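Go by the hints and put chain B onto chain A.
So the protein lines, in turn, are chains A and B.
Heads up: take any position in the first sequence, counting from 1, add 3, and you land on the working numbering.
Heads up: take any position in the second sequence, counting from 1, add 420, and you land on the working numbering.
Because the hints were derived from the structure by calculation, they are not lab data.
Remember, predicted model here, so these are calculated numbers, not experimental data.
Fair warning: there could be bad hints in the mix.
Unchecked claim - From the structure, some residues in chain B lie toward chain A, with a derived Cβ separation under 8 Å: (1) Ile519; (2) Phe523; (3) His528.
The beta-carbon is built from N, C-alpha and C at its ideal position, and this holds for glycine as well.
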Amino acid sequence: MKAVNFTAILSLLLLLGCQAKAPGRLETAMADQVKRRLTVGGKSDKNPLPESVETVRTGQRNFSQYCLVCHGLDGQNTGVPFADRMDPPVPPLNSSAVQAYTDGQLKWIIDHGIGPSGMPASKGILNDEEIWAIVRYIRHLPAKGSLGEPKVYSGEQ
Amino acid sequence: MKKLILSTLTLAMLIAMGIGIHAGAQGAPRVIDITAKRFTFTPNEITLKKGEPVILELTTADVTHGFYMKKLGIDEIIEPGKPTQVNLTPQNPGRYVAICDHFCGSGHGNMNMTIVVE
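In isolation and in its complexed conformation, chain A is listed as follows (with noise of 0.2 Å):
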């Protein structure tokens, strides 16, 4: 009787976790460390592609194939309506938490996503160059909100 009790609570303070609710604080910093440090690869990957204008371009334009369904066009999650449910929460791509990450750990992110969330892989979807100009985005993304809403959530037809 104790021992079934014991296992009942216990279960149902596990399943506590299975709420889809922003991570405090211990676990944010805990997972920026651990992705940083040990799981996201590609740290010393150079970028390939020209720091200009153009690549930049490229870049934005290849980011609206869909990345910017999670992310907004500005990468700044703008008009994204559940981007602040996910568990964890999209982040701007602004911060400094993902600024942080060199050139070659954005692109390993690209390719291979972030698990546990809802970052996906891209490998085989966009290729090598497509990824590296979307890195160039990355760097230069413009003002929150200035490019509007995905059509796909603003109702535009």
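Just chain B now, with coordinates in the frame of chain A:
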């Protein structure tokens, strides 16, 4: 005499035509048809000769695709119903991988073909 002149002229004309045809045949570049369709190019590998001018005739069987190989100076878009011609005279032997650089769906990232230059 007349016969001789006539036959010489005819022979000269035939030789001139022959040279003309021969020169023409050498001058007309080989045309290679390449079809893009999600998510492959067909043929998937072609072999060209260094210095030989060729025309790549690009068409798509479904959606818009791209065709990009920087080192060969190729950067084209292939739109449905609009064949794209690429004039190419490769100068450097090697294996070149041309990719689709217009997002065409889930397999787009792996859509490519090989151009071998001998």
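Going through the hints against the structure:
The beta carbon of isoleucine 519 of chain B comes within 6 Å of a beta carbon in chain A, closer than 8 Å, and the hint placing it at the interface holds. A distance limit of 8 Å between C-beta atoms decides the matter here; for phenylalanine 523 of chain B the minimum to chain A is near 5 Å, and the interface restraint holds. For histidine 528 of chain B, the shortest C-beta to C-beta distance to chain A is roughly 6 Å, which falls under 8 Å, so the interface hint holds.
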